[in-house]
Amino acid sequence: MSGANRIKGKGRLTPARTVRFSFDNQVLTAVEGDTLASALLANGVHLTGRSFKYHRPRGMLSAGPEEPNALMDVGRDAVRRTPNIRATVQEVYDGMRARSQNRWPSLAFDVGGLNNLASPFFAAGFYYKTFMWPKAAWKKIYEPVIRAAAGLGVAPTEPDPDHYANHFAHCDVLVIGGGAAGLSAALAAAHAGAEVILCDEQAETGGAFHHETDAKVDGRPGWEWAQAVTAELRAMDNVRVLTRTTAFGYQAQNHVGLVERVTEHLANPDPSLPRERLWQVRAKRVVIATGAIERHMVFANNDRPGIMLASAARTYLNHFGVAVGAKVGVYTACDSAWNAAFDLKQAGVSVPAIVDVRPDPDPELVARAKELGIEVFAGQAVLDTSGKLRVKSMKVGKSSGGSTRDISIDALIMSAGWTPSVHMYSQSRGKVVWDEASQRFLPGRNVQDCVSVGACNGVDDLREAVADAAKAGHDAAIAAGISAGAAWTAPEAETGTSWAGSMMGSAAGAGTNTTVKAFVDFQNDVTAKDIRLAVREGMHSIEHVKRFTTNGMATDQGKTSNIHGLAIAAEMLDKPLPQVGLTTFRSPYTPVTFGAIVNHSRGDLFDPTRRTPMHGWEEAHGAVFEDVGQWKRAWYYPRAGEDMHEAVNRECRTVREVAGMFDASTLGKIEVVGPDAARFLNLMYTNGWDKLQPGRCKYGIMLREDGFIYDDGVVGRLAEDRFHVTTTTGGAPRVMHHMEDYLQTEFPDLKVWLTSTTEQWAVIAVQGPKAREIIAPLVEGIDLSNDAMPHMSVREGKICGVPTRLFRMSFTGEAGYEVNVPADYGEAVWKALWERAEPLGACAYGTETMHVLRAEKGYIIVGQDTDGTVTPDDAGLNWAVARKKSDFVGIRGMKRPDLVASGRKQLVGLTTKDPNIVLEEGAQIVADPNQTVPMKMIGHVTSAYWSENCGRSIAMGLVIDGRSINGKTLYVPMPDKTIEVEVTDTVFVDKEGVRLNG
Amino acid sequence: MLLIHCPYCQEERPELEFRNAGEAHIERPKDIAAISDEEFEKFFFIRSNPKGVAYERWRHIHGCARFFNAVRDTVSDRFVTTYKAGEPRVEVVRGEDGALQVKGAAQ
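Chains as they are written, first to last, in full-length UniProt numbering: chain G, 1 to 998; chain W, 1 to 107.
Any given hint could be a false lead.
Claimed, not checked - Beyond 12 angstroms from chain W on every Cβ pair, some chain G residues (computed):
{"no.": "1", "residue": "SER438"}
{"no.": "2", "residue": "GLU740"}
{"no.": "3", "residue": "PRO748"}
{"no.": "4", "residue": "GLU980"}
What the hints assert, rightly or not - Below, in silico cross-link-like pairs of lysine-lysine (DSS-like), each with a Cα-Cα straight-line distance of 25 angstroms or less:
{"no.": "5", "chain 1": "G", "residue 1": "LYS284", "chain 2": "G", "residue 2": "LYS8"}
{"no.": "6", "chain 1": "W", "residue 1": "LYS30", "chain 2": "G", "residue 2": "LYS895"}
{"no.": "7", "chain 1": "G", "residue 1": "LYS884", "chain 2": "W", "residue 2": "LYS30"}
Quick caveat, the hints were computed from the structure, so don't treat them as lab data. Here the structure is a predicted model, which means the values were calculated and not measured. Glycine included, every Cβ here is placed at the ideal spot set by N, Cα and C.
Modelling step: build the complete structure from the supplied sequences, incorporating the hints.
Given below as structure tokens:
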């Protein structure tokens with residue numbers, strides 16, 4: 001037997017198909033198709049968790065996604081475990097492990113429950129007011145303690161071993177919700193010939209037919225009809241039915257996010273299946289058929305385990321065959337709870353009383369209750385309940401006073417009416433409208449190409465809902481451009497029960513007494529008095545009330561609580577409810593796992609990794625890599641026993657004494673071609689390009705229009721109409737974007753074509769006194785002599801038999817070459833060069849050595865020595881700004897008053913008094929170290945290294961009027977000491993530059 | 001994710017293929033070197049940032065790579081129209097339903 005509360009002959013599950021699962025280490029039996037909630041109820045378990053703030057015992061409130069209480073940690077093993085799973089949604093599978101949350105040491109005895117006794121201190125706004133001061137205590141004491149005591153589940157610490165899929169889908173009509181309305185709409189759209197996607201969050205379609213057993217469609221019981229229609233839809237080629245699939249986000253232009261739980265209900269899922277699948281649907285039309293959610297009654301101690309929504313009790317009975325209690329009390333303001341009571345009674349459950357706040361409930365219902373032997377308390381209220389871990393009794397009486405009666409119960413079902421689920425409509429940016437007649441918010445004008453049908457649109461009558469929805473589905477197909485379809489008869493429902501009655505806010509008898517806990521929002525422990533307090537404290541907008549009390553801010557987003565909270569606030573403010581307003585519903589409708597959102601974008605697939613053609617060789621030769629944007633760059637090549645420092649020192653020495661080889665392939669490269677190429681570069685760079693002869697190169701500076709340095713690089717002129725432009729590694733895409741922008745929109749008349757060639761060329765820098773000796777025997781067709789090919793020239797020829805663009809240039813201060821070869825030949829040419837280089841005593845060097853060597857020469861790195869607020873003059877690069885040009889990007893910005901005024905930070909060299917101290921990049925510089933804090937900062941360090949070649953540390957920094965205080969002593973205050981530095985020029989090695997021409 | 005109609009490709013493509021490129025119809029002065037500080041301020045720094053009708057530039061960076069102009073309602077996040085760079089500003093009006101539409105366009 002799968003639980004003592006399973007009623008034979010009731011429900012739609014097959015009793016023989018049992019599965020075993022555990023709850024807090026206790027092994028229990030369920031039936032296939034059970035939710036975790038129905039399985040626990042079948043086994044008599046109502047207590048499922050402790051509340052967020054007061055740690056009050058809580059049980060299932062609902063049988064669906066609106067569940068605020070029954071959140072659990074559910075998984076199949078230690079790694080596959082998810083916290084905060086709603087037990088009312090999660091299906092049970094064999095071997096499932098469920099654990100309650102937010103309790104210590106055990107669910108039945110919880111120390112945090114003391115918060116309940118201390119609750120006068122925990123009123124709304126308590127955290128804001130109490131934990132303000134001292135400020136430092138927040139991070140160290142208050143927040144950690146509050147976070148540990150409050151909060152819900154605990155996130156798993158191990159990486160998720162499962163995978164998740166992403167699917168982009170396009171359709172004519174997306175139907176959200178597979179209840180009577182959604183099925184009718186889908187059927188109509190499908191028969192018209194539209195491509196239809198129907199999604200439903202539950203395991204099976206049918207919506208309200210899960211609990212409502214009185215209704216009939218096309219002459220069949222609603223549930224049977226729903227399953228038959230679903231089978232019909234599944235069989236159609238133009239329809240995709242997705243169950244266990246929640247539409248969670250309605251974005252712009254009918255882009256709707258769905259998450260399908262693919263394996264979370266299976267005991268032994270096929271490992272090739274994704275755990276969840278994210279559907280990104282772009283629909284021409286959307287039909288929203290999301291139904292309605294029942295509200296609870298707000299009264300004193302309405303949160304004890306065993307107290308739940310009437311529709312939930314009816315679902316557990318009619319769908320799962322589970323009685324939620326043996327003696328079930330009913331408290332309602334709506335007819336729907338009466339139907340639930342009748343079903344329970346007829347199934348053999350004792351129903352001692354129906355308490356209805358309405359003085360004159362429908363006489364037919366009253367008669368029916370009498371007939372079944374249920375006592376009716378009309379115009380009365382449940383004033384209080386008792387029972388510690390499960391409701392034991394309810395106190396019934398008139399709210400005005402007088403005698404009361406305690407009625408013994410073990411479950412209490414309630415209904416304050418139904419709230420249309422306008423979440424999707426609201427997410428589509430539609431504005432809900434208050435319907436005075438039915439006292440509820442309904443969808444207003446549609447902002448996107450969508451329509452709401454059925455209960456979410458306020459259509460209560462089933463016959464009307466089915467007819468409306470079928471028409472809406474057909475219209476949606478036509479609107480999506482479907483011209484015709486086969487003749488087809490729309491479904492027709494027999495008028496089901498249309499439930500009258502609803503109430504919002506606190507029920508009479510819940511009292512304004514400050515000690516009464518009448519819960520509005522179960523998950524965030526917000527009571528009616530908290531909302532009243534918020535209004536008294538001056539929160540007059542519902543947005544403020546919400547944030548002050550946290551009403552509706554839990555993971556259930558107030559599906560059951562929002563309207564109650566709003567009504568109480570409105571009553572306190574003495575304003576009509578719509579004037580107080582409704583907060584906007586946001587995505588996601590229900591929580592979505594990080595797995596589904598992150599999807600494939602994790603690990604190696606998180607971001608593309610770019611590797612140069614020589615990467616394999618570098619790896620094989622022990623390179624340590626650093627990330628530069630998406631590139632993996634060889635950082636340094638440690639030999640046995642060397643640390644980074646020693647390796648870099650050796651590499652730096654070797655390059656200056658012998659030679660070194662460096663992989664510069666990541667440099668951005670743009671081919672600028674066309675009759676106006678030079679004119680275009682004149683506009684893009686500060687330099688002049690007209691006089692640059694083919695075969696020569698120039699260092700160029702690119703500014704933004706505001707006059708600040710944007711990028712730099714060497715540009716080689718290959719022909720009158722062809723330039724080979726290089727950019728910084730990180731700057732390549734934005735420089736290309738910048739150039740294209742000007743070419744397309746400001747200078748469209750120029751005949752120039754731009755092509756990114758970054759990945760077409762592998763670049764091998766060979767630098768140092770023996771650079772020429774290394775490359776010479778491998779080069780064909782190029783005269784490498786100093787006279788024929790001086791510093792800053794470029795030639796085309798062959799190396800190792802493959803085409804090359806050979807640059808004579810240097811970022812080290814040594815004579816050197818940058819060998820460009822087609823990327824496919826990069827590794828082969830590198831190896832050939834290495835065979836020459838190694839016996840001569842040269843080394844391979846990485847980016848760290850490159851940085852040190854360039855700093856020794858005072859060559860800047862854009863983005864390190866500049867930060868987007870540095871002008872060419874600030875960086876000491878005025879020589880690269882053409883004086884005679886009438887226009888280039890930045891020409892006007894450079895002349896702005898602030899950019900030409902004195903007192904700007906200028907790039908200088910810095911040498912520490914103690915040559916062994918290496919400054920920290922980013923450290924601040926002051927003139928007087930003895931001033932009081934905060935000191936006047938006059939600059940900062942931009943680059944700092946140990947220079948093995950200088951035998952001391954070197955640095956560059958930006959210092960106010962730095963060039964005018966050459967030789968002056970400044971100070972760099974650090975937490976443990978103050979470092980004395982001298983201002984110098986920026987060139988530390990070979991000030992005359994003779995080595996370049998070696 | 002928005003769908004954006006590229007006036008060069010003549011197709012609606014997902015937003016992922018595009019990059020916003022700031023306000024449209026701000027022309028770089030032909031004699032930029034000679035303009036006053038105030039004119040430079042107006043050209044380079046001052047942007048309208050409207051609530052409602054925004055004229056902006058987009059680039060179909062992962063498609064045809066062309067820059068083009070767009071009119072977007074910043075309230076509803078809807079594109080009213082897109083047109084090629086260099087074409088004159090398209091005037092729009094707000095219709096009775098609150099949605100923007102191209103002025104003079106057939107209903």
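The hints, checked one at a time:
1. With a minimum CB-CB distance of about 25 angstroms to chain W, SER438/G clears the 12 angstroms threshold, and the non-interface call stands.
2. Once the 12 angstroms rule is applied to beta carbons, GLU740/G is inconsistent with being away from chain W; the minimum gap is 7 angstroms.
3. For PRO748/G, the non-interface assignment is contradicted: its Cβ lies about 7 angstroms from the closest Cβ of chain W, within the 12 angstroms cut-off.
4. Every beta carbon of chain W lies more than 12 angstroms from that of GLU980/G, the smallest distance being close to 41 angstroms; the non-interface claim holds.
5. For the given pair, LYS284/G sits about 47 angstroms from LYS8/G by alpha-carbon distance, which is inconsistent with the 25 angstroms threshold.
6. Annotation: proposed proximity of LYS30/W to LYS895/G holds, straight-line Cα distance about 17 angstroms (limit 25 angstroms).
7. At roughly 17 angstroms between alpha-carbon atoms, LYS884/G and LYS30/W fall within 25 angstroms of each other, so this suggested pair holds.
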